[in-house]
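Undergrad: One-letter residues, chain by chain:
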Amino acid sequence: MSAPGAITRVTLLKDLRLEWRSKDAINSMLFFSLLVVVVFSFSFDPSAEESRQIAGGLIWVAFLFAAVVALNQTWAREIRNQVLDAYRVSPAPANSLFIAKTLGNFIFVTVLEALMTPLFIVFYRLRSIGPVWQLLLVAMVGTWALVVNGTFFAAMSLRTRSREIMLPLLLFPISIPALLAMVQATTSILSGEGARFWIVLLVTYDLVFTTVCLLLFESVLNAE
Amino acid sequence: MTETAPPPIVTVSNLIKQFGRFAALRGVTAEFPAGKLYAILGDNGAGKTTLLRTLAGLNRPSNGEITILGASKFHDICHEIGYMAHPSLLYDEMSGMENLEYFARLYGIAGNSRCAEVIRAVGLDPDLVRPVGQYSQGMRQRMSLARTLLNDPKILLLDEPFSNVDLHSANEMVRLLARARDNGKTIFIVTHQAPLLEDAADEFIWMEFGKIVERTRGLSRGPEK
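Chains as they are written, first to last, in my numbering: chain U, 206 to 429; chain V, 64 to 288.
Pulled out of the complex, with its shape left as it was, chain U reads as follows (with noise of 0.2 Å):
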């Protein structure tokens, strides 16, 4: 049998060719946001400091209801033709599927905020008093925070009827106090003020719930 490690990395790759096949998940999650963007940007006409103290809340936001659209859709292909029951016969370990799972929904927002933050930096005039790879951890741990809960949940509603409605239920209410931090952060350090602890708080959250989300995934992958 092949290692965890080395599944996980076939996983991935094959996930990423998928994606790249289809662009099923990065079209959906770069038109909702573009909306968000453009949308916002006529609705308001804010100064420079009222970016600072909004556009925290408002890139979050944004970002997490465009990736509940590719939460939605990494699990969906694999419903498709049912192929998910072939990885349960197989014996790879459910947390490498996972794991893959993660990484390559990390990667789609991560490129869906890499093509967006231009945007909302030019829409809303934004310039960060605070230092500016405080800003690039405050993306990666937040982004982490939203995709590892974002995939468990996304495979916990796999079999419901009504899954697209259902990720955001289940995923919304226990992702606050991630969103909290990560918003607080990022308008701190936009703002020049200290973000230290809304980093820690989002730390601490990515290293429990990703544990949790590890401990319990089989039993949601081979729940009836």
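Don't read these hints as lab results, they were simulated from the structure.
Remember, it's a predicted structure, so these values are computed and weren't measured experimentally.
Each hint should be verified, as a subset may be incorrect.
[Claimed, not checked] Which stretches of chain V does chain U cover? Using the computed rule of at least three CB atoms under 8 Å from a CB of chain U, they are:
#1 114-126
#2 139-149
#3 169-179
Built from N, CA and C at the ideal position, the CB exists for glycine as well.
Following the hints, complete the assembly by docking chain V onto the known chain U.
TA: Below, chain V alone, put in the same frame as chain U:
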């Protein structure tokens, strides 16, 4: 000299599977000796697919016990089982070879020579670059069978392998499965096309209302058989 039956490779004891209030399997008890080809027959809703999925470890029994190759935990013997479902269990966006390469890695099979071998064995071309989504239903069924054979399992569980396959290809598949049986594999086939297996099957397992009601050597049922 009397012929002794080979020891059972699969033993099912009082197997019950319930979905909510509905009992799909109602106390199935049977022993299946190794190296035989079993055709599982019955009307829709008789419990054939549920039995197969339970043997494949995809459904947990509500009650009763399954022993496969002497093990009662599916995880211990999953590398010895090949499962083919009614859907293809393949990614539509990838070619047959790409699909098989991925599944081969899950079983620790390196390289692609084994993938090419099983694709050829089912009568397809390993160099076909067309995605599986553009295959005909018959080709998809054969590629699905190739995926099942990939890890060279001792037990094959096949759910409707001949559906939507033309008669010539179906007969080819039957010959391939008969050869696999002759090479020592134990094969369970759920099918509504029993006549295809008339010459190849060692035993016909008849199911009704979640139970095995009869086991016959030939396709005809009744006490005289």
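Undergrad: Run every hint past the structure and note whether it holds.
TA: Okay, the hints, checked on the actual structure:
1. With 5 residues having a Cβ less than 8 Å from any Cβ of chain U, the stretch 114-126 of chain V passes the three-residue criterion, so the hint holds.
2. Against chain U, the stretch 139-149 of chain V contributes 5 residues with a C-beta closer than 8 Å to a partner C-beta. That satisfies the three-residue criterion, and the hint holds.
3. Taking a C-beta to C-beta cut-off of 8 Å, the stretch 169-179 of chain V contributes 3 residues in contact with chain U, enough for the three needed, and the coverage statement holds.
Taken one by one, the earlier hints all hold for this structure without exception.
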